[in-house]
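Peer 1: In case you want the letters, here they are:
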Amino acid sequence: MKICVLVKEVPDAAVQKRIDPATGRMDRSGERNLNPYDTHAIEAAMQIREGGALQIDEIVAVTMGPDSAVRALHKAVSLGADRSVHLSDDALAGSDVAATGYALAKTLQRESPDLVLLGQQSDDGECYTIGAVVADHLQMPSLTQVIKMDVADGKLRCERQAEYGYDTVEVQMPAVISVGDAINEPRYPSLKAIMGAKKKPLDAVAIADVGIEADRVGEQGSKVICSDFKAPPAKAAGEIIEDEDTGETVEKILAWLDERKLI
Amino acid sequence: MAQNDILVYALHYDGALNKNSLGAVSEGARLAKELGGACHVLALGGDDLTTELCASAGAHGAEKVFRVNGPEGLAQPVIDAMAQVMDDGGHRYALFGGGLLGFEIGAGLAARLNAGVTMEVTAVRVADGELLAERPIHGDSSISTSRYRDRGIIIGRLNAFEAHEVDGASAEVQDVRVEFSPWSTQATMVKRGEQRGADVNIEDAKVLAAGGRGLGKAEGFDALEELAGALGGTVAATRAVVDAGWYPYAAQIGQTGKTVSPKLYLAAGISGAIQHKVGMQSSENIVAINKDANAPIFEFSDLGIVGDLNKIVPKLTAAVKARKGG
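Chains A and B, in that order, give the protein sequences. Here the first sequence stands for residues 1 to 263, where the numbers follow our numbering. Here the second sequence stands for residues 1001 to 1326, where the numbers follow our numbering.
In short, the hints are calculated from the structure, not lab data. All of these numbers come straight from a predicted model, not from anything done at the bench. Treat each hint with caution, since some may be false.
[As the list claims (entries may be wrong)] Derived pair list, reagent style DSS-like, types lysine-lysine, alpha-carbon separation capped at 27 Å:
no., chain 1, residue 1, chain 2, residue 2
1, B, K1263, A, K235
2, B, K1217, A, K148
3, A, K2, A, K199
4, A, K252, B, K1206
5, B, K1324, A, K261
6, B, K1191, B, K1258
7, A, K252, B, K1291
8, B, K1191, B, K1019
9, A, K252, B, K1321
10, B, K1206, B, K1324
11, B, K1258, B, K1019
[Claimed, not checked] Pairwise CB distance ranges (calculated):
no., chain 1, residue 1, chain 2, residue 2, range
12, A, T168, B, A1318, 40 to 48 Å
13, B, E1162, A, D82, 47 to 55 Å
14, B, A1318, A, E242, 18 to 26 Å
15, A, A208, B, E1162, 43 to 51 Å
16, A, K2, B, N1310, 44 to 52 Å
17, A, E185, B, R1196, 13 to 21 Å
18, B, Q1195, A, M1, 32 to 40 Å
19, A, A152, B, A1198, 25 to 33 Å
20, A, P233, B, T1185, 39 to 47 Å
[To be verified] To list a few chain A residues with every Cβ distance to chain B over 10 Å, as calculated:
no., residue
21, Q55
22, E58
23, K200
Glycine residues also receive a C-beta, built at the ideal position from the N, C-alpha and C atoms.
Could you put the whole structure together from the sequences, leaning on the hints where they help?
Peer 2: See below:
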């Protein structure tokens, strides 16, 4: 069986994120990290392989993004993927969620995966919807925000929290599953794995290589036009106390609560 | 004109329509009226989806409810149903209240219909006969506006759309037969709505002391319970710690938990992710304790304390007790 894991490079959480108002696109110039949620997806793939209930021949990391996204693939490979696929093409710039999902689905189609895993959201666009888009194009069953996944009788038994409590759902493969951060504790890559990551096969593909129709991606192929970026209504900044002397801090909190008749 | 009709998805559970879905119905009715169309609702389920329950969506402005017999609680059968109804009826827009299923259905529907989709929407307005959707981005530091080239799928943020009742109106209920896609039937619900942990009531509390991953371990809640007790309040929790099994699901705030607005919300060790914020931002007074000065929660708290909660919480408890005792 083959597991494909969708990964993405996102701006470092500590870096201020911003949209370029002229283009409506995210300024990705400061980016340099694998999306933290994606590390849980890779770990989930590794645990399925190590669990032994399914014979996993290959774990393939797949990403879409500019040249710099190669670093996300190297990280993914250092965490356990056997090889990676990098979809990169100028025609993809400005793709919205639906166009991105379509492009990723076409890239995945060439791999014929038995299971597609991804992180439930990305730290940049917060698009925790990409799994559902990919699944519809691949015509596979799908579930998002999965926090427990076991293999039983060749099917996936998934648990997740939904609006009315915890749901348990049985999913046939091939399937697209996005995982939440509670599903596992990702391992740290070994130094050897980090050093060896650049030597693992990396397949760079352009849109024509995977049969993506150019008019369905990029800014022109996107069905949403985002514009008019504006600041949210100003909210009075709250008071901040740096705790140095805890006795004093507590007195300040009490005074604040007292003033508002909250005690 | 059928293309001015808006199709709203209504989730139901245990014989009641979801509050956020009803908010979306009210919002859909308001927008459809401005566009010169009607608000239609789609609901999918089994025998509990009674004619009476469906018709009750009329009280929030729905003219017609399409009722589809199918498996509840999963997104893909609803995608099939909504795609069919929108293709037959010519609806240009679909609208969802905030919720996990809404995100899944909306995104899948966008793929199916080759439509545009916007999630986490906080406001929708009509301009030149089209819908424009506002969405806060980058941790709510900026707001972008979405327009749609063709069809548009708009997914609201939790609690973004308020439910309004209109007098005694009842919606027409129309049964629709849907042939589900093969892959839509390859996921099956084994158990739905399982409650994990004790049944606690946090929605009526005037004071809530909420704990997140920063508590470090399940036992971290002991100190928080003492503080809540001293303040005459109750303890609440984030999704992360509930998923980890540290605290009961019934005490969870946010996207797939409860929405609260107490007089005092004291957040301990909570970073303040959007999924949490949507469930507590209307609290009257928000106090946050977190050791990370960059935690987003400080951006929407009234009083923020940067420090170690393990040091602060016990001392604060003692001080509150002393104050009340004296």
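Peer 1: Next, verify each hint and record whether it holds.
Peer 2: Do the hints match the structure? See the list:
1. The suggested pairing of K1263(B) with K235(A) holds, with an alpha-carbon distance near 18 Å, which does not exceed 27 Å.
2. For a cut-off of 27 Å, the pair hint linking K1217(B) to K148(A) stands: about 20 Å separates their Cα positions.
3. A C-alpha spacing of about 20 Å is found between K2(A) and K199(A), which places the hinted pair at or below 27 Å, so the restraint holds.
4. Our distance criterion of 27 Å between C-alpha atoms is met by K252(A) and K1206(B), whose separation comes to about 21 Å.
5. A distance of roughly 12 Å separates the Cα atoms of K1324(B) and K261(A); the hinted pair therefore holds under the 27 Å criterion.
6. Pair hint K1191(B) plus K1258(B) holds up; C-alpha atoms about 21 Å apart against a cutoff of 27 Å.
7. Restraint check for K252(A) and K1291(B): satisfied, since their Cα atoms lie roughly 17 Å apart, inside the 27 Å limit.
8. Pair hint K1191(B) plus K1019(B) holds up; C-alpha atoms about 22 Å apart against a cutoff of 27 Å.
9. A distance of roughly 16 Å separates the Cα atoms of K252(A) and K1321(B); the hinted pair therefore holds under the 27 Å criterion.
10. Only pairs whose Cα atoms come within 27 Å are accepted, and K1206(B) paired with K1324(B) is accepted, the gap being roughly 17 Å.
11. Proposed proximity of K1258(B) and K1019(B) is supported: the alpha carbons are some 11 Å apart, at most 27 Å.
12. Checked against the hint of 40 to 48 Å, the C-beta distance between T168(A) and A1318(B) comes to roughly 43 Å, which is consistent with it.
13. For E1162(B) and D82(A), the Cβ-Cβ distance of about 51 Å falls inside the hinted range of 47 to 55 Å, so the restraint holds.
14. Between A1318(B) and E242(A) the Cβ separation comes to about 21 Å, which falls inside the hinted range of 18 to 26 Å.
15. Remark: the range hint 43 to 51 Å for A208(A) to E1162(B) is upheld by a beta-carbon distance near 48 Å.
16. Under the hint 44 to 52 Å, the C-beta atoms of K2(A) and N1310(B), about 46 Å apart, fit the expected range.
17. For the pair E185(A) and R1196(B), the supplied restraint of 13 to 21 Å holds, since their beta-carbon distance comes to about 20 Å.
18. A beta carbon spacing of about 35 Å between Q1195(B) and M1(A) agrees with the range 32 to 40 Å that was offered as a hint.
19. Checking the proposed 25 to 33 Å range against A152(A) and A1198(B) shows it holds: the Cβ atoms sit about 29 Å from each other.
20. At about 46 Å, the beta-carbon gap between P233(A) and T1185(B) stays in the expected band of 39 to 47 Å.
21. A cut-off of 10 Å between C-beta atoms confirms that Q55(A) is not in contact with chain B; the least separation is 21 Å.
22. The Cβ of E58(A) lies farther than 10 Å from every Cβ of chain B, with a closest approach of about 23 Å, so its non-interface assignment holds.
23. The claim that K200(A) lies off the interface holds: its Cβ sits roughly 31 Å from the closest Cβ of chain B, which is beyond the 10 Å cut-off.
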